[in-house]
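**Q** What follows is the residue order along each chain.
2 protein chains.
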Amino acid sequence: MATGETPYPALDEAAGDLLFREARTANTFADQPVNEEQVRAIYELVKWGPTAMNSQPLRLVLVRSAQARERLVPLMSEGNRAKTATAPLTLIVTADADFHEHMPTTFPHKPDARESLAGHPGRERIARFNASIQLGYLIIGIRAIGLAAGPMAGFDADAVKKEFLGDTNQEPVAVVNIGRPGPDAWVGRNPRLEFDQVVTTV
Amino acid sequence: MATGETPYPALDEAAGDLLFREARTANTFADQPVNEEQVRAIYELVKWGPTAMNSQPLRLVLVRSAQARERLVPLMSEGNRAKTATAPLTLIVTADADFHEHMPTTFPHKPDARESLAGHPGRERIARFNASIQLGYLIIGIRAIGLAAGPMAGFDADAVKKEFLGDTNQEPVAVVNIGRPGPDAWVGRNPRLEFDQVVTTV
Chain A
1 MATGETPYPA
11 LDEAAGDLLF
21 REARTANTFA
31 DQPVNEEQVR
41 AIYELVKWGP
51 TAMNSQPLRL
61 VLVRSAQARE
71 RLVPLMSEGN
81 RAKTATAPLT
91 LIVTADADFH
101 EHMPTTFPHK
111 PDARESLAGH
121 PGRERIARFN
131 ASIQLGYLII
141 GIRAIGLAAG
151 PMAGFDADAV
161 KKEFLGDTNQ
171 EPVAVVNIGR
181 PGPDAWVGRN
191 PRLEFDQVVT
201 TV
Chain B
1 MATGETPYPA
11 LDEAAGDLLF
21 REARTANTFA
31 DQPVNEEQVR
41 AIYELVKWGP
51 TAMNSQPLRL
61 VLVRSAQARE
71 RLVPLMSEGN
81 RAKTATAPLT
91 LIVTADADFH
101 EHMPTTFPHK
111 PDARESLAGH
121 PGRERIARFN
131 ASIQLGYLII
141 GIRAIGLAAG
151 PMAGFDADAV
161 KKEFLGDTNQ
171 EPVAVVNIGR
181 PGPDAWVGRN
191 PRLEFDQVVT
201 TV
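So the protein sequences, as listed, match chains A and B.
So the first sequence is residues 1 to 202, counted in the UniProt record's numbering.
So the second sequence is residues 1 to 202, counted in the UniProt record's numbering.
Here chain A stands alone, though its shape is the one from the complex:
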């Protein structure tokens, strides 16, 4: 961190470790519930992350009952079933293409936003893009309250939509297990790309 150079507040080492450097995707979880108050604490933090036009298309379905879990597990890819069956709490993260219905409240200085988006062919794409950015915030927010996230892209999205999203205009973007990490929650860390493989300057 370049904190030595910055005459303004910067994140301390422990926080950087908690959110990024030491945090890991968990594949097993301790037998310790995740309660409503914890989910609220996560949301109340990550809701502040910015989205285009303050669109906030992310929605969460908390899969809490045993019956709901039983409906979800078979829709996951094979390698994601055991962990989803045993996680304390599983979130279906969706993108709501009807986010524009909230815009008179969320984006009040552009009164025609709802109307102009109503017929916009790219609305679903805008929803998915911004919900994906918010998924990044959400993973950080789960870690911020001391839990581990296990985000998964491997599931039958059409079936999850049909089973859980009913008559909404939401599309699932990820399924995320959350809880305290269990025994052997992860294997060795995979390498990250080097700065020079990612960044060019013009």
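Derived from the structure by calculation, the hints contain no laboratory data.
Just so you know, same-sequence chains aren't split out, so a pair can sit in one copy or run between any two.
Calculated cross-link-like contacts (lysine to any residue; reagent style SDA-like; alpha-carbon spacing at most 20 Å):
hint : residue 1 : residue 2
1    : K162      : R64
2    : K161      : R125
3    : K110      : D98
4    : K161      : P74
5    : K110      : R192
6    : K110      : G154
7    : K110      : A52
The structure presented is a predicted model; accordingly, all values stated were derived computationally and were not measured.
Based on the hints, put chain B in the right spot on chain A.
**A** Frame of chain A; chain B shown alone:
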């Protein structure tokens, strides 16, 4: 924050303020350069954020020279031109659909990943989804070193690709101004959706 309830490390109030609660999207910037070391500090933090199959498709083009900035500004939407013309540093954030070329290094326990993704029709979508998640991490990482981010989705993506991404397989997903906030860097904060508008339980 539910920190009082968690017997394990959680983010402190100041860090939550820095990254989420007090952080704002900046529309003006102080006349103070953003140097290479600061960009490295951001990357070295956010590179640890998880992506599907450790795919890490995010790439950054740092628009640093006056000539490059002059090529970029007219490709931005009108409302994004003045701030992009005056920001200390502007990043073009892209999704690299050729991320799979790195997978022998980044995902070594699945040796056929590169080959099986080479002909995968969804590769561009995977790249865009994961780069968008990483954009979430990036915005947090910019704030983590005490800078403000000004992410923008309003620009001519085809023109930016043609002008800056040449013969790569990258697509621009966002353009982000970074720096210290300047005078009147933001207006009043827009409302966020309530927990019950976002979260349902099954």
